[in-house]
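Novice: Line by line, the protein sequences give chains A and B.
Counting from 1, position 20 in the first sequence corresponds to residue 20 in UniProt numbering; the numbering is continuous, with no gaps.
Counting from 1, position 40 in the second sequence corresponds to residue 40 in UniProt numbering; the numbering is continuous, with no gaps.
FYI, nobody ran anything at the bench for these hints, they're computed from the structure.
Fair warning: there could be bad hints in the mix.
Derived Cβ-Cβ restraints for the label pairs, each shown as a range [unchecked claim]:
1. A:Ala30 / B:Val31: 26 to 36 angstroms
2. B:Phe113 / A:Val34: 10 to 20 angstroms
3. B:Leu86 / A:Ile35: 31 to 41 angstroms
4. B:Glu76 / A:Ala30: 41 to 51 angstroms
Glycine residues also receive a C-beta, built at the ideal position from the N, C-alpha and C atoms.
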Amino acid sequence: MIGRSILGALVNLTKPGMYVHWGFIQISVANLIVIGLMALTFILAIAIPFHRKGGRS
Amino acid sequence: MTTLEHDTSSSPEEDAEVSKQWTTRIRRRLVEMLPPERLIPDRQPSFLSSWIYIFGALTIGALAIIILTGMVLSLEGPGWWHTSSLGLFVNSMHLWSVELFFFCMVIHLWGKFFMAAWRGSRQLTWITGAVTFLVSVGAAFTGYVSQTNFDSQWIATQAKDGINSTGVGAFFNVLNFGQMLMWHIVLLPVGVLFLTGLHILMVRRRGIVPPFEDGVNDKSATVASGTQEGTPS
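Only chain A is shown next, with the shape it has when bound in the complex:
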């Protein structure tokens, strides 16, 4: 229950979702955040060096 309360404080799921309107484009903020996280992960996956055993990258 404590965990649920903490998560509930972070994201209120009982109210209608928020949407971004840009011309004919309409997307929920939740989906926009996920797309942003994917783009960020993609960039980090390319930028961060991959260390192998022995410390070489």
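Dock chain B against the given chain A, drawing on the hints supplied.
Specialist: What follows is chain B alone, placed relative to chain A:
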């Protein structure tokens, strides 16, 4: 002793007969297409030392969790999560592994798109991956309309007009819960698993596409396959 011993010697006529058998021909063809050392390689090319190459494997890992949690859910039925905390947990695992599955698959797709991963006779590898993505969208959609709640009703009623406008609604009725559940737990998972298996076999056969620096044109991209000298996998 003599009764257990088999005579392994055979005449040339027998050998010729065996080599004509369809099982022999299929086995030889398969081994020729995909030798064991290429199917499960000991070493990988050095260019794989980048985080961008892990997202295909992560997608497969998420798919494994999806299938396992889906099998557990199928034991109790689609309404289990309404009445049981364990059901809610397994259902949540199923949902979040789907989120992870698409998250990793999209990054895998972006990475392969910018690598032009269809180079070096890898067109079918790319195509099977793209089709797997599309079939996965269908599998996810039928899952969302099988939640047995107001959300699934809303999605189904919103989707029916779009699907009916394509003509597909004649045999794919999103308002038919039983039909959607069958598509979700039988037909589409079989399709996703089959295509994923095919995709992996093609990756093993052709090898992972090298970066542009190592293979500027198609000819050199063909040479760099997964079993060349490199780092231990």
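Novice: If a hint holds in the structure, say so; if it does not, say that too.
Specialist: For each hint, the structure was consulted:
1. For the pair alanine 30 of chain A and valine 31 of chain B, the supplied restraint of 26 to 36 angstroms is violated, since their beta-carbon distance comes to about 49 angstroms.
2. Judged by the Cβ atoms, the range 10 to 20 angstroms given for phenylalanine 113 of chain B and valine 34 of chain A holds: they are separated by roughly 19 angstroms.
3. Between leucine 86 of chain B and isoleucine 35 of chain A the beta carbon distance is about 33 angstroms. The supplied range of 31 to 41 angstroms therefore holds.
4. Restraint check, glutamate 76 of chain B to alanine 30 of chain A: a C-beta distance of roughly 28 angstroms breaks the suggested window 41 to 51 angstroms.
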